[in-house]
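Participant: Letter by letter, the sequence shown follows residues 37 to 129 in the numbering used here.
It cannot be assumed that every hint is accurate.
[What the hints assert, rightly or not] Quick list of in silico lysine-lysine cross-link-like pairs, BS3-like style, CA-CA up to 30 angstroms: (1) K71 - K82; (2) K89 - K71; (3) K81 - K71; (4) K81 - K58.
Worth flagging that the hints you see were computed from the coordinates, not collected in a lab.
Remember, it's a predicted structure, so these values are computed and weren't measured experimentally.
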Amino acid sequence: MAENKANSGSEKKPEKKSGEKKPNWFVRFWRGARKWLHELRVELKKVVWPSRKEVTRNTLVVIACVLVIGVFIWVFDWLAAAVIRALINLFQV
C-alpha cells in the first residue's frame with residue numbers, strides 16, 4: 037500500500053529503449069503544433085458565440101462611442117487652437 041501511494045503521485049515516463057534516438061526537431065515541432073491545434077479546436081468548441089443581433093447591437097454601440105469621443109476631441113482641439121491663436125495675436129507686436 038505504501039508503494040502505491042509513492043507511485044500514485046508521480047507520472048510514469050516511457051522507458052527509452054537502447055539504441056532509440058530522439059526524433060529530429062522538425063518532427064518534434066509538428067507534434068507540438070498538432071497538439072496545440074487540437075487543444076485550440078477543443079477550447080473553441082466551448083466558446084459561447086454571440087448571436088448576429090448581439091454583434092450588430094455591440095457594433096453600433098462602439099461606432100456611436102467612437103463618434104461621440106471623436107466630436108469631443110474635435111471640439112476641444114478647435115477651442116485650444118482658438119485660445120492659442122488669441123494669445124499669439126494678443127502678444128504680437
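Participant: Hint by hint, note whether the structure agrees.
Facilitator: Hint-by-hint comparison with the structure:
no. : hint      : in the structure
1   : K71 - K82 : holds (17 angstroms)
2   : K89 - K71 : violated (35 angstroms)
3   : K81 - K71 : holds (16 angstroms)
4   : K81 - K58 : violated (34 angstroms)
This entry does not satisfy hints 2, 4, going by the numbered hints stated previously.
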